[in-house]
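With chain A fixed as given, assemble chain B onto it according to the hints.
Protein chains in written order, with our numbering: chain A, 635 to 1138; chain B, 635 to 1138.
Errors might be hidden in some of the hints.
If chains are identical, the list can't say which one is meant, so a pair holds when it fits in one copy or spans any two.
[Unchecked claim] As a list, the in silico DSS-like pairs of lysine-lysine whose alpha-carbon atoms are at most 25 Å apart:
hint	residue 1	residue 2
1	Lys658	Lys675
2	Lys815	Lys1004
3	Lys800	Lys733
4	Lys675	Lys1094
5	Lys815	Lys976
6	Lys733	Lys956
7	Lys799	Lys1115
8	Lys1129	Lys976
Honestly, the hints are just simulated from the structure, not real lab data.
There are 2 protein chains.
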Amino acid sequence: MPKSRTQTWYRQYVNRMRALANVKNAMAVLQWDQETYLPPKGAQARGQQLTTLAELAHHMATSSALGRLLQSLLDSSDLPETARRNVELSWEDYQKMKKYPTSLVKALTEASNRCFTDWIQARKENRFSLYQPALERMITLKLQEADILGYEALPYDALLDQHEKKLTTSTVETIFQPLQKAIVDLLAQIQQKPQPEDDFLYQYAPKQHQWDLGIYLLQSIGFDFEAGRQDLSEHPFTTSFHPHDVRITTRIHEHHLPTMIWSCIHEGGHALYEQGLPVEEYGLPAGQANSLVIHESQSRLWENCIGRSLSFWQFHYLELQKRFPEIFSTIPLQQFYRAINKVQPSLIRTEADELTYHLHIIIRYEIEKKLINERLPVKSIPELWNALYADWLQVVVPDDLHGVLQDVHWSHGSIGYFPTYTLGSVLAAQWWDVLQQSIPDLHQQMAKGNTQPILDWLRKHIHAYGSLFHTQELCQRVTGKPLDIAPFLQYVKEKFSQIYGLTN
Amino acid sequence: MPKSRTQTWYRQYVNRMRALANVKNAMAVLQWDQETYLPPKGAQARGQQLTTLAELAHHMATSSALGRLLQSLLDSSDLPETARRNVELSWEDYQKMKKYPTSLVKALTEASNRCFTDWIQARKENRFSLYQPALERMITLKLQEADILGYEALPYDALLDQHEKKLTTSTVETIFQPLQKAIVDLLAQIQQKPQPEDDFLYQYAPKQHQWDLGIYLLQSIGFDFEAGRQDLSEHPFTTSFHPHDVRITTRIHEHHLPTMIWSCIHEGGHALYEQGLPVEEYGLPAGQANSLVIHESQSRLWENCIGRSLSFWQFHYLELQKRFPEIFSTIPLQQFYRAINKVQPSLIRTEADELTYHLHIIIRYEIEKKLINERLPVKSIPELWNALYADWLQVVVPDDLHGVLQDVHWSHGSIGYFPTYTLGSVLAAQWWDVLQQSIPDLHQQMAKGNTQPILDWLRKHIHAYGSLFHTQELCQRVTGKPLDIAPFLQYVKEKFSQIYGLTN
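Same shape as in the complex, but just chain A:
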């Protein structure tokens, strides 16, 4: 049977998209190496190699030939549903990529290099003012970018959309406003109660034993070591070159075992998602990980809902005691469980507990929003930052290093990125809600060390779809509701009421 014109075009489209994915994944390999094994003097050459590949990828992603092919396919009436959706989503990406003038791309790259260098220097000297001019330049460019990309209501919407398609300030507001209030309330109640004793978590735990524990935990949650690996890096991350080659990294503090445990489970959650994407759709939207919010909903689900639950540790705590008897042999499971869920306001986002973490995020969101929508001057950031930390977290920011200089994101031009962390947790709670209903013996299974039913459910309902559906669509399909704060609020209230003995 001869192939139809549409089939031929679709095959050509698939080949082009796969070649593009191959170049992007080659970049990911170079970046992974950069974070794990690159010798120090090799950094500059690596940067240039990445620039060349980025230019090639940009060229391939915006070629007129691809544009014509996409248009022909959009005009075809005989595309099957998934294929049509792939083409539509690729067309969206194509149009977006075409909007960027070369001059802006170049200016953003330069601003980002400058910002990063100045950020490093400002951290060294612990002075925000050294970073301020570079950040001002970056914000100016991001405003231009928002104008070029376009938006309906507010310029910040255009930047949110870059990190999470279709996300708007208005949606974020409906989640963050009640969330901020609820957390501050819950925190006030918690702070009237005695704190769990957690000194034992800071005892010495040898590097190799920690590493082995990490591998054990990853295996237990279903990470496929035939299709991926773990290495060490300064900042833990997940990257994927293909569903059959997913790399995660962890870090080890010999006097703080929890750092490794929950970074491992967190990245493991990201990795399970990447390993679960449909291989046959490689290079196409249906084969790509969905948005940052969906990705983070996977990592947070595994890290927090599962990895900080009593059921999970009912099985694994014996193993932990066996591997680190000096630390845990005299600590009962309940005490361990309370300690790993201790809530305590602090200065540094990445060290925050499951609850106050979101106040760190909402503070950053408030500042970003004002920078973009209200043209808040960059020089006012530290004052606003410190005021919000004092107000919501009741901590005094002693200096810029422990305040406004702690995150790298803005240096990269990632404005509109932070909200996806919290939205990911919110969505994780929605999945968790449905999961507990769908698998009635879920906690009993977890207490036997079996999280496979959870992974199976995620594979079937989320991973299998790649990025065919926008977050809100996927959320609606799976939970029957849009993004919703209620399950998260219920989850944290129940959990911390039980741990701290609060009366509702």
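Just chain B now, kept in the frame of chain A:
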């Protein structure tokens, strides 16, 4: 001062060549990862990623824009000498690349995949006949390739030229014929003498201690760990992404320490060369490692002339005894020196000693030459192979696995590659000869652990030139002679006469 047209063209040429180098080096990163860290299921996707990059590189290397630029530059009269030579060499490469029809490139890739698969299977079943049809196809294609590339005297010349520019069968003959005779003679004398006792070299040596020794040895010969690293792989190799990022690998047998030691020094020799290339010429012929023969002359010089010399171990043997007292504390240096230079004919090329190694190579050369120049049928290879091993090495090849199926090279279509190994050793002996004359206290320095004068000499006389000169030109410039067998013959005769107490 405004730039001349030539300067502008040269800048454009440099940019194109650097972008091409960046893509090729990205491929090298992906290949390095493939051999060191790639999870098993990731192999197929990696192959596809490499194919995409290879296509992009081929496209860049053969673009008409580059061709026009090169022609304009060749017609310019105001290019400085090195720049002119860069352009001339790039033009040679360009013309060669342009000769390949896409159909042949594709057929060679397919034949190579088929050959490799069948070679694996043939090894598994220990039967050459399973590999024969695929190899026949490969040889047919290599004959076509030779015709397309063109040659003056013999088709094998075209294939030699691919691995070593300007090398011809006739040149190889003038080296290999006397070499084969001399080695067979020397071997006969050696075999009448008692063999050094070397059982102690097969004692248990723990992996980590071996690894640490390897790092120590690499540091001592001048490998810059800020501009490179070592990892483990099944087959040791060197790869470079830039002179500031050179990667080597080693392998460790816990019951054979020498495997690690001399693979480490051998790859270290390759790596010192790559680290010594001029950074400012990155991506251009003047910044690229020269031919395989030059490369091998570096690794063999370090591995054998230096790494198996008495002077070298006069310093390092104490360290070895300290690190492995169970093995070496009762073994005097002289006994160690004799043991690591034991000559014994054997079946496997990669396990051969410094002397008989070259008989393995010349056997492969004889077969290749006959396959291409005389159309020897592929099915006759095992018979010829086994006869030459019996005749020259006096060993009986028990089966194909220990004979004709041991090397992967032909599967890759690498015909004309093997001779470069031996020519590298021959050239190493020429450098060694000049080195010993140029640095009168060379052996005294080595006995103090100082090989820096050797590295300085190599950097100045060889590394600094990249591939500006063909092997014969460089050899003539540095030694005042063309490729010459005499220094190698003198070196092995002196060394083994001393070790075995032969009377000349």
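Hint check results:
1. Proximity of Lys658 to Lys675 under the C-alpha cut-off of 25 Å is found in both arrangements, the shortest distances being 24 Å within a copy and 19 Å between copies.
2. For the homomeric pair Lys815 and Lys1004, the shortest alpha-carbon distance inside one copy (19 Å) is at most 25 Å, but the shortest distance between copies (85 Å) is not.
3. In the homo-oligomer, the alpha carbons of Lys800 and Lys733 lie at most 25 Å apart inside one protomer (17 Å), although the nearest pairing across protomers, at 51 Å, exceeds that limit.
4. For the homomeric pair Lys675 and Lys1094, the shortest alpha-carbon distance between copies (22 Å) is at most 25 Å, but the shortest distance inside one copy (45 Å) is not.
5. For a Cα distance limit of 25 Å, the shortest separation of Lys815 from Lys976 inside one copy, 20 Å, qualifies, whereas the shortest one across copies, 80 Å, does not.
6. For the identical chains of this complex, Lys733 and Lys956 are neighbours neither inside a copy (58 Å) nor across copies (66 Å), given an alpha-carbon limit of 25 Å.
7. Taking the shortest alpha-carbon separations for Lys799 and Lys1115, only the intra-copy value of 18 Å comes in at or below 25 Å, while the best inter-copy value is 69 Å.
8. In this assembly of identical chains, the alpha carbons of Lys1129 and Lys976 lie at most 25 Å apart only when taken from the same copy (11 Å versus 72 Å across copies).
The structure fails hint 6 only (numbered hints given earlier).
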